[in-house]
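**Student:** Starting from the structure of chain A, add chain B where the hints point.
For the protein sequence lines, the chains are A and B, in the order given. Residue numbering for the first sequence follows numbering that gives the first Met the number 0, starting at 0 and increasing by one per position. Residue numbering for the second sequence follows numbering that gives the first Met the number 0, starting at 0 and increasing by one per position.
Simulated from the structure, these hints should not be mistaken for lab results. Hints are not guaranteed to be accurate.
Said to hold, decoys possible - Chain B residues, not near chain A, derived (Cβ > 10 Å throughout):
1. D40
2. V47
3. M51
4. R59
5. K61
6. I63
7. I72
Said to hold, decoys possible - Taking lysine to aspartate or glutamate and the DMTMM-like style, the derived pairs with C-alpha atoms no more than 25 Å apart in a straight line are:
8. K29(B) <-> D183(A)
9. K61(B) <-> E45(B)
10. K60(B) <-> E45(B)
11. K29(B) <-> E53(B)
12. K60(B) <-> E174(A)
13. K29(B) <-> D178(A)
Stated by the list, open to error - Label-pair restraints from in silico Cβ distances:
14. R59(B) <-> L180(A): 26 to 32 Å
15. V69(B) <-> S45(A): 30 to 36 Å
16. D44(B) <-> G54(A): 54 to 60 Å
17. I1(B) <-> V150(A): 25 to 31 Å
18. W122(A) <-> A35(B): 53 to 59 Å
19. L13(B) <-> P138(A): 40 to 46 Å
20. L77(B) <-> S128(A): 25 to 31 Å
21. R170(A) <-> R36(B): 19 to 25 Å
Beta carbons are placed, not taken as given, at the ideal position from N, Cα and C, and that holds for glycine.
What follows is each chain in one-letter form.
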Amino acid sequence: MRYVKWTLLALIALIVAGFLHYTLPHRDIVRIVDTEVRRIDFGENSIFWAAPDAGAAASGSRDIRFINAMRPNGRVVVYRNEDTGWGWPPYFKLNSSNLQTQASDRISTREAPEWVALTHYGWRNEFFSIYPNAVRLRPVAGPDVTLIPWVNIVILVILALAGGMIWRMWRQFRERAIDPLVDDAGEARGRVARWFGRK
Amino acid sequence: MIRLILFGLLAMALGYGVVSLYSRSVRREKLEREWARRDIDMARDEFVRRGMAEYDASFRKKLILLVFIVPVILVAALIYITNFT
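Just chain B, with the same shape it has in the complex:
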């Protein structure tokens, strides 16, 4: 069981890291595209930096924490279904 917890935590941490990197990257690209498309009265770096600050404070970013929550719920549900129904 200790092994499961250890490897589970490791896998979830890895998943969290990768998903947040991906999400940041997609958001940055979107901001850059938006700057290029619209006529924005601001330097490109400044616009992207503000957009990213907004993203860092967003609820969307916190949703990535589900990477830690969903597997735990899944395991608990699985234990119940296999053994007690």
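One chain only, chain A, in its complex shape:
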């Protein structure tokens, strides 16, 4: 029974952490190599794609902008560049065309590299053909600058505070609404209260 409980808890923690890792912004320092538009027919990977441009119709297939880039260590990264519109995740990104233009403007060669910090969310996975979604980019001095993820720090702190608040609300509700009922139940009291792990 104890193993079941811990396995379940670990599974929940893993899912929450994975969800946050997918959704929260992350910044890479990259050199943009190329930008392109490709037609994608969504299959079983469709939940890993965002929304059509805000205001455009949705269908099972559409043209998607891509940003191809290289990391300082020579590894390849390919980003998609899609609106998230009014949907999930709540980046409210509506400017994919503008971002694509900025990216094209920053294309540079290996001999004369121009480094940018590219903010994105999502994962790259070759087995499902999924790509992280680029959200914004800004030029940086070089490949070695240190970036502190303030946004993530703030979001995680707020989430932790909200979780603490919900916990306190639950405690209050239990103390004021459930325990008195349990106490009234007289003989059942010991048994039920022990079930709730109190007194």
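**Tutor:** For chain B alone, kept in the frame of chain A given last:
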């Protein structure tokens, strides 16, 4: 966008309901404790009822309306930051 507004309103209404219930409950408990601690020349129910009436008229209670205001400001700020800076 309609979906966002709908679900947003739903979530905010739920948040408002839960937070006000919690806040009322905490206040009531505080009043009950105060009555038990001090030597108050009034019946317990009467004391709590007056205290709650005072709470219902208070500015503190109206602050819970921020549950509706803050997310809207946040979304507007986010739209500006992601797209126009």
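**Student:** Are the hints correct? Go through all of them and say.
**Tutor:** Each hint, compared with the structure:
Residue placement check: D40(B) keeps its beta carbon more than 10 Å from all beta carbons of chain A (closest about 26 Å). The Cβ of V47(B) lies farther than 10 Å from every Cβ of chain A, with a closest approach of about 13 Å, so its non-interface assignment holds. M51(B), annotated as away from the interface, keeps every beta carbon of chain A farther than 10 Å; the closest lies near 14 Å. The Cβ of R59(B) sits about 16 Å from the closest Cβ of chain A, beyond the 10 Å cut-off, so the non-interface label holds.
For K61(B), the non-interface assignment is confirmed: its Cβ lies about 19 Å from the closest Cβ of chain A, beyond the 10 Å cut-off. The Cβ of I63(B) lies farther than 10 Å from every Cβ of chain A, with a closest approach of about 13 Å, so its non-interface assignment holds. The beta carbon of I72(B) sits about 13 Å from the closest Cβ of chain A, which is more than 10 Å, so the claim that it is off the interface holds. At most 25 Å may separate the alpha-carbon atoms for a hinted pair to count; K29(B) and D183(A) meet this at roughly 22 Å.
Annotation: proposed proximity of K61(B) to E45(B) holds, straight-line Cα distance about 24 Å (limit 25 Å). Between K60(B) and E45(B) the CA atoms are separated by roughly 21 Å; this keeps the pair inside 25 Å, and the hint holds. A hinted pair counts as satisfied when its Cα atoms are at most 25 Å apart, and K29(B) with E53(B) qualifies at roughly 13 Å. Annotation: proposed proximity of K60(B) to E174(A) holds, straight-line Cα distance about 22 Å (limit 25 Å).
At roughly 18 Å between alpha-carbon atoms, K29(B) and D178(A) fall within 25 Å of each other, so this suggested pair holds. Roughly 29 Å separates the CB atoms of R59(B) and L180(A), a value that falls within the hinted 26 to 32 Å. Checked against the hint of 30 to 36 Å, the pair V69(B) and S45(A) passes, with Cβ atoms roughly 33 Å apart. Taking 54 to 60 Å as the suggested C-beta distance range, the pair D44(B) and G54(A) conforms, at roughly 59 Å.
The hint said 25 to 31 Å for the Cβ distance between I1(B) and V150(A), and at roughly 28 Å that hint holds. A C-beta distance of roughly 56 Å is found between W122(A) and A35(B), which places it inside the suggested range of 53 to 59 Å. For the pair L13(B) and P138(A), the beta carbons lie near 43 Å from each other, so the given range of 40 to 46 Å is met. Our hint of 25 to 31 Å for L77(B) and S128(A) holds, since their Cβ atoms are close to 29 Å apart.
Separated by about 22 Å at the C-beta atoms, R170(A) and R36(B) satisfy the suggested range of 19 to 25 Å.
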